[in-house]
Amino acid sequence: MSATHQPTYGTDRAPLSRGQTLARQALIAAMLAAVVGTFVYLGGWLTPHDLTPGKFADAFQAVDGVHPGFRRNHAKGVCVSGYFESNGNGVVLSKAAVFQPTKSQVVGRFSLSGGMPFQADKPGQIRGLGLQLTTMDGQVWRTAMVNLPVFPVNTPQAFYDRLLASVPDPATGKPDPAKMKAFLASHPETTAAIEIIKRHPPSPGFGDSEFHSLNAFVFTNAQGASTPVRWVLAPVQSAPAIEPTTQPARADDANYLFEGLIARVHRQPLQWHLMLIVGQAGDPTNDATLPWPDSRQQIDAGILTVDQVQSEDSSPTALLNFDPLVLPDGIAPSDDPLLSARSAAYSASFTRRSGEHKPPSAITPADADQSKS
Amino acid sequence: MPAPRIQFTMPMRVLHWLMAALVLSMLCIGVTMVASIGNYHVLVSLHRPLGIAILALACVRLATRIFSPLPPFPPTVPPRERLMATASECLMYTLLFAMPLIGWGMLSAARYPVAMFGSLRLPYILPHNAMLYWWLRQAHTVLAYLFFITFLAHFGAVLFHTLIVRDGLLLRMVPWRARSGSAASSNHEL
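Residue numbers (this note's numbering), protein chains in the order written: chain H, 1 to 373; chain Z, 1001 to 1190.
Check the hints yourself; a few may be wrong.
[Said to hold, decoys possible] A few chain Z residues that face chain H, going by a derived Cβ cut-off under 8 Å, partial list only:
(1) Thr-1032
(2) Ala-1053
(3) Ala-1178
[Stated by the list, open to error] Covered stretches of chain H, going by a simulated chain Z footprint (3 or more residues, C-beta under 8 Å):
(4) 23-34
(5) 339-352
Bear in mind the hints are in silico, worked out from the structure with no lab data behind them. In this text the structure is predicted, and so the values were computed from the model without any measurement. We treat Cβ as the ideally placed atom computed from N, Cα and C, and that holds for glycine.
Kindly produce the complete structure, drawing on both the sequences and the hints.
Written out as structure tokens, the structure reads:
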């Protein structure tokens, strides 16, 4: 090829002086540094004191110890399965398929709060119920509820600070009461919420407990109308007379709440009504410590039936992360700041425990699994 | 005689800039969301469909790459540098496929619904297994850092050629037409 047809790349211009070269090298370095600096800033490394998802897991480990393989909160639990029969009443609020008059498959897990997988059951320990409802179209709704009418805190930072206030003092082995006193002094909403919680003492067992969504969600129906909603699972069955009441039957009955649940499910399925509480304009959706007025309309959307119980050791349900923001189309998060924080914190805990080898749970297959007849 | 090609084809150039913007966004979204509390949900909800979009575009890009004529390296790129450029190109194509597939795979192994937008959910592509999820999750992080470092090297090399060597290397990829011999005039004061 002749020279006139060869591609030229501009190398025939005047060469750069040493000063120009240095200046351009500095510019390149500055541009690369700006890119790295942006990345480092976004990843939070310049603000190490900011709250991150992993810090919640760290805080639970500080309070309750490290138990590899187990959830960092609600560590002790047993798995269940069943179904949800929707009666169609929920369609007015949400287009989610789960509210059509249909039956959804359900798996779930009853638990006690705290990071100790072998704690002794106590009536005052918060009870949890995680559920996964799967509709025929394959969409999934996960919810993680507790038996409290309101939540003791309304921000992720407050949750973290309250947790830290209960870290045992290495000298005494117990939390420093002054720390919790200081926390409560600066969080009047917690004191107010605890008063409400005290007015709703726990029922005798899992089967007769109410489970609350605590956070508000936004339901959108087929017409595009959105409504803030909280919900509660209201038990059909009341406390049986023959079951142990608030005191354990035997001093060494460390699993009496779970054993009570297992015995009941083996005899007869347990049922709850899913009551959707319809929020009105002005009802707080971003503060889980505040209840909605008792007069709010409640829509009975259907009946949850729990008919099988299984140990975590034999159920893949134990592997699920009951992230309350795994939602079907038709349900969306509200502006409650706890929701995104729960999703983030649960994900961090879930990742940690997934990489660990889990020893047998407190409730074993021998305790829980029903023999198939 | 037509002037020899100095640029990639227009489809390749469009895909390059489009995917560069998407990949950089994903690296930013990813590094932010894992440290985030309040923004976690909205970021992860964006992260999933953008990842699948990149996977789809990567398929188009690979097919385009295989069937497109390519411009030669300028004479200012010595053999060892050509080797490094080719290796990093290969690495980036690999990461463009590996990262979204690992993301899809890890959600599958954890049984997190692979939610895109609205009611669109992708199927699970791996069995339900916690340890498998954990390994894929670690791989996703490690390869993300690798992608970032590879991007820095790529960006640095292009800056070096554009500002120091001034051989018009960037013209190969600019989204407007640049022909041979036009480097001297189009690079203006560079």
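So, going through the hints one by one against the coordinates:
1. Thr-1032: 5 Å, holds
2. Ala-1053: Cβ of Ala-1053(Z) sits 20 Å from chain H, so the hint is violated.
3. Ala-1178: 10 Å, violated
4. 23-34: holds (count 6)
5. 339-352: Held - the segment 339-352 of chain H has 9 residues with a Cβ nearer than 8 Å to chain Z, which meets the minimum of three.
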